[in-house]
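Participant: Read off the chains here:
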Amino acid sequence: MENILKKLPQKPRANSLYKTLIYIVVISLVIWGFSGIQYNGIMQTARGEISDMLNGFLNLDTVYLTSFEADALVSLPYAIVETIAIAICGTFVSGILAIPFALMASQNIVGQKTANFGKFIITMIRTFPELILALVFIGVVGPGAPAGILALGVHSIGMLGKLYSEAIESMDIGVKEGVESCGGNSSEVLFRAVLPQVAPEFLSYTLFRFEINMRAATILGLVGAGGIGAPLIFAIVSRNWSRVWVIVLALIVTVTIIDLISSSIRKKLV
Amino acid sequence: MISKFEHNLPKKPNKTKFYSNVIIFALIIISSAWFAGFNIITLFQNFFRFGFRLIGQIFFPPDWGYFDNAIPPLLETIQMAIVGSFIGAIFAFPAAVLAANNFIHIKWLNKTVRVLLNITRTLPALVLASIFVGLFGSGSFPGVIALSIFSFGLISKMTYESIESIDFGQVEALMSVGGNKWNILRYSILPQVLPQFISYTLYAFEVNVRAAAVLGYVGAGGIGQKYKIFLQLRRFDNVGTIIIISFVAVLIIDTISSSIRRRLV
Amino acid sequence: MVAIILRGAKKMIKFQNVSKTYPNGTIALTDISVEIKEGEFVAILGLSGAGKSTLLRTLNQIIDCTEGNILFNNVDINTYEMYGDDPSKEIEKRKAADPDFDSSLLNLQEVDITTIKGKDLRKMRSNIGMIFQNFNIIKRMSVLQNVLTGRVSYNPTWRTILGLFPEADKQIAYKALDKVDILEKTYHRASDLSGGQMQRVAIARSLAQNAKILLADEPVASLDPITTFEVMEFIKKINVEDGITVISNLHHVDLALRYATRIVGVRDGKLVYDIQIKDRPNKLIIDDLEKVYGRPIGQDDFVGDEE
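Protein sequence lines, in the order shown, are assigned to chains Z, G and R. Heads up: the first sequence runs through residues 1 to 270, numbered per the working numbering. Heads up: the second sequence runs through residues 1 to 265, numbered per the working numbering. Heads up: the third sequence runs through residues 1 to 307, numbered per the working numbering.
These are calculated hints, taken from the structure and not from any lab test. Cβ coordinates follow ideal geometry from the N, Cα and C atoms, glycine included. Keep in mind that the hints are not guaranteed to be accurate.
Claimed, not checked - Quick partial rundown of chain Z residues pointing at chain G, CB under 8 Å, derived from the structure:
hint, residue
1, V140
2, I219
3, I233
4, I236
5, R239
6, I257
Said to hold, decoys possible - To be clear about the criterion: a stretch of chain G counts as covered by chain Z if any three or more of its residues have a C-beta under 8 Å from a C-beta of chain Z, and this derived list gives those stretches:
hint, region
7, 73–79
8, 176–190
9, 250–263
Model the full structure from these sequences, guided by the hints.
Facilitator: Below is the structure:
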């Protein structure tokens, strides 16, 4: 055994300074994070609140569930459909509009410098929270669904633009060269090589974005941009738990169904 | 005269399915637009009439004086995002392990956890936050809970998908050595999944910073509360300040976080 | 004093009518019966998909059997450790390592691995080492930690989760690494190693397990010819010097002829050929193998000459 131990190489120094530094930074950040959270204790009224919530859950507001007028505050089905409509328009329109932005941000299409600029623009667009965009658009086109559509649309252009450009940049360059070598000009290269190649991926990202936008659309109503958001917030603020629960359950069901449909389509694309 | 090549052409593939899909697609979009009252022309008109004025009010110029006062709530926003991602991640890992059907072979457990995860992901953080404000009063605490729940669902889902796509050979190796489930977890799953798990947590953090910035609108802490106040006061220039400062913060955090994530994977 | 089992009476490993049908209907193995003596070097040959991998994995029950038994002789049912065809040798080894070793506590029986589960199964597995075509080494960990994973079943879970193996286990690891001549890489990250080196680490892991049996699933199929011979030499070395029974799937006929003591041919899930290599000239064995493969044996079935 001794001669084996002699042959053993030097044990390297335990984990580099770099790694320990990272641990320290991360832990301090987390501690700092916790320090800023104020816990005011459960409110006096919370006990009563919880039993109200339970009551509301057991007596769902079926009136809201089953009325069919053209007003989100009165009819749950209408509100849900409006929310879906907002998500659809916002997503799919931006799906198309994002393409030129993405092309401008892909270095294998426009070259490094322009691509960096394009990426910057996309990041700028992405960073605006949808809620704020909704507020701005309400100021412009008035409250209601169109403002929500614009808000989602603009935000999604940013999100999809990034994903699209990543897809373009990682695509097989051979496809482009194939058309170029036949003598195709740039728009031909675009429409007969690049777009067909990345189309399935684009569609998949767009559908995924749609799933996310469904959730975002539910919030936008909060500020008046249409959909289920406004009725929901009113119900919460007025402690109308039976209505809150029926909306929440309806949302869970709707979003789950949409997710399932969307993922089965996405699976077929890949 | 070139004679037509008639013989032995393969059957032309049927394109009706593709076209009918496209038509259905278009119908869905058009009817949605009609339902929502989305009229592009009037929109453009309104934009040119009101839009520019509003944007001018917000951004030109924003209230620079307000800048300093905006920093503490912004820091609170970031703190909320950190804590929310952290708590979410801690619960997400065991949940992901239980949901992975190639590790825990108890089907009902897998399914239950997955259903639970889906539910946490259907409700936006804002909705959760407003409910929790009703229970805990306004402040950052309800916001943190909402963000934790959201992060939990997000990180868990991505992690269990990761676990299900690992190289099974290493699991076989640990099995053949006589390892139990803990050994397999520690030596074959963890090494392969940990970098991705950390990457997902950072991604959740990026999303949370954006979400936290608006949670305040319902009273759940952070800089979002200011939006509500200033909009009510119609102090658009202050709104502009907040937008810009949130913007810059998100930009910085995104850049740092993305570069770390790239190094991990 | 434990009763001495007559030599040659029962073999160490016995497959009895083993069959495996997968849930999707694929029949992988049909009625396999074969006995393997301690210390043999068995090469399993056959076409891809013939059932070789499945057969190997039934032995340590990573894949279960639809029908049949796999019996191991002279297993101490208190600890599920294997004592091989001739227990007295193993007992002597143990006594040499640990003077307090009390052989009267042993209860040696024939154990059917298809009937045991959970902790007992894992204990039996710890006696069976397995190496794989794609090595299955944990790339992010050091070579030493990889070899130490061979000791997980000998340690309580809390130790293995934290990676705190006792010094005695580390000594075992060093010895194992020395046996395959890779001690100088002990603290290197496994991902720094070449394919052949990784396979040697895998062998070292099996040695650290104190494995009596080594299962090798196409161990050299991913390696270049020179490294192939290197690794096969190490496998042969532990077979001859340490008495470890080797059961190996092999792609190449010349490797089987050169290193194994016995060739077993599998075709469509059935055992169709079984010969001790010393009993028959190589040329005739190659001719026999045409029937196993269902086609002539060609250049691709040979690794070639050593450089």
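Participant: Each hint: holds or not?
Facilitator: Structure-based check of each hint:
{"no.": "1", "hint": "V140", "verdict": "holds (4 Å)"}
{"no.": "2", "hint": "I219", "verdict": "holds (5 Å)"}
{"no.": "3", "hint": "I233", "verdict": "holds (6 Å)"}
{"no.": "4", "hint": "I236", "verdict": "holds (5 Å)"}
{"no.": "5", "hint": "R239", "verdict": "holds (7 Å)"}
{"no.": "6", "hint": "I257", "verdict": "violated (11 Å)"}
{"no.": "7", "hint": "73–79", "verdict": "holds (count 4)"}
{"no.": "8", "hint": "176–190", "verdict": "violated (count 0)"}
{"no.": "9", "hint": "250–263", "verdict": "holds (count 3)"}
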